[in-house]
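Colleague: Single-letter residue listing:
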Amino acid sequence: MDNTQLVKGVLDLAVLAVVADEDGYGYDVVRRLRTAGLEDVGDASVYGTLRRLYTAGALTSYVVPSDEGPHRKYYGINAHGRATLELQGKTWAAFARTMDGLLTTAGVTS
Amino acid sequence: MNTQILPETAAVAAYVQGVRSALGDLPAEDVDDLTSGMEADLAEALTEGAGDLTTRFGTPEAYAAELRSAAGLPPATTEGSTPVTVRSRLSATRDGWLQRHSTLADVGRELAPLWWLGRGLGAAYLASAFFGTGRIPAALVFVAASLWLGYRTHQDKAQPTWPRTVDRLWSVGGLILVPIAVWLVLVPSAAAYGGGSSGATEYSAPGGLALDGNQVQGLYAYGPDGKRLDNVRLFADDGRPITVLSDGVPQSPWVDQAGRQWSNVFPSINPYSQGWTVRDPNAWHPPMTIDPLVQQVPDQTDSTDPSPGVEGAPTEATPGSTSTTALPTSTAPPGPTK
Chain A
1 MDNTQLVKGV LDLAVLAVVA DEDGYGYDVV RRLRTAGLED VGDASVYGTL
51 RRLYTAGALT SYVVPSDEGP HRKYYGINAH GRATLELQGK TWAAFARTMD
101 GLLTTAGVTS
Chain B
1 MNTQILPETA AVAAYVQGVR SALGDLPAED VDDLTSGMEA DLAEALTEGA
51 GDLTTRFGTP EAYAAELRSA AGLPPATTEG STPVTVRSRL SATRDGWLQR
101 HSTLADVGRE LAPLWWLGRG LGAAYLASAF FGTGRIPAAL VFVAASLWLG
151 YRTHQDKAQP TWPRTVDRLW SVGGLILVPI AVWLVLVPSA AAYGGGSSGA
201 TEYSAPGGLA LDGNQVQGLY AYGPDGKRLD NVRLFADDGR PITVLSDGVP
251 QSPWVDQAGR QWSNVFPSIN PYSQGWTVRD PNAWHPPMTI DPLVQQVPDQ
301 TDSTDPSPGV EGAPTEATPG STSTTALPTS TAPPGPTK
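Chains as they are written, first to last, in the numbering used here: chain A, 1 to 110; chain B, 1 to 338.
No wet-lab data here; the hints were simulated from the structure.
Model, not experiment: these values are computed from the prediction.
One should not assume that every hint holds.
Just some of the chain B residues that point at chain A, by a computed CB distance under 7 Å [what the hints assert, rightly or not]:
1. D33
2. E61
3. E66
4. A70
5. D212
6. W284
From the three backbone atoms N, C-alpha and C, an ideal C-beta is built for every residue, glycine too.
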């Protein structure tokens, strides 16, 4: 199965989880997602997701000037974002348990 | 790693510019939001892996498309890859029209109070012209009502109440009637026909006599004895000769022996009557005689004469009396007209 399709479905949740840990700029978030194991995540997809979450009011944003070169745009989570993260996290956990159950019944060990 | 960014700066800037132009159909705010900080991120990404920007991230167009998709924005409308439905085309046309005409609509909103004032004045003018109300009070009432309706309707757009209905009707009526009112005011001849009083002095010169608001077409005079008086000349209290208009036409003036013209001689000769003969069958026909006013007419003329024949001789007394009790020709005011 193409992993990118799975990633797309949970990208909101993954980005929220990463930013909830610590504020980050675009590429920083991409790197942390990849380090966590989501190697197939696309740069532009993460940037677009950050922007969409920000527009939806789940993230805050601020610009940090750089001594050398262009400025960086940081994103941080807010209360609304944390609530969203918790709700979507529970949904994901229930979904994952369901899938585990299905796969266990089918004899596939996760 | 900062030292490694510098050689790539130009390429990164070009790539970001490519992405921005691929997002060009979006509002500038969205484009800035999506690409803000992008140069720093791309430059940093370049330091960590192999390959140039295009091999790492794809073409700027592809990158922009992925940005749009992830950000929940519509795909580029300039690209033919996505089918454009009739509905989206229509809504895009409408949005474009609204954007182009937003300033026009703003101007219209700001000029709205002027229109409310105008339609109020128009209604006041019509009310004063047709119902004879005072112009100032009518203007105050109608302008206040118009402003109130306008402000109420435009502040409270959500409620379809009766003020909104009245406001709309008034505006529609005003669009039709205000130009007519302006025309009546500005064109004097139109004002004369329309009954407007502005400039009417110039056109009311021929005169005329009104009784209870109706034009008097002729006058008939009777002496104290109740008999018809012929060729009576009548004057108003300021000495002006009284004239009548018959169908708007002044009667033909009499010319006296001195050659002077008299337009106030009654009974008049006009389209409705020729002296005492009334042509209009529906009109009032003056009788030959009416009840006498006084019996002792001779008393006034001849004080030395007692009144033995009061009862018996009204016919004999009247011929003498008419000449002396008629209108005071000796004190006749100014003379003929024109």
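Colleague: Hints first: check each against the structure and report whether it holds.
Modeller: Status of the hints after comparison with the structure:
1. D33: Because about 6 Å separates D33/B from the closest Cβ in chain A, which is inside the 7 Å limit, the hint holds.
2. E61: Check failed: Cβ of E61/B comes no nearer than 11 Å to chain A, outside 7 Å.
3. E66: 4 Å, holds
4. A70: 3 Å, holds
5. D212: 78 Å, violated
6. W284: Hint on W284/B: violated, closest Cβ of chain A at ~89 Å, above 7 Å.
Against the hints set out earlier in the document, violations occur for numbers 2, 5, 6.
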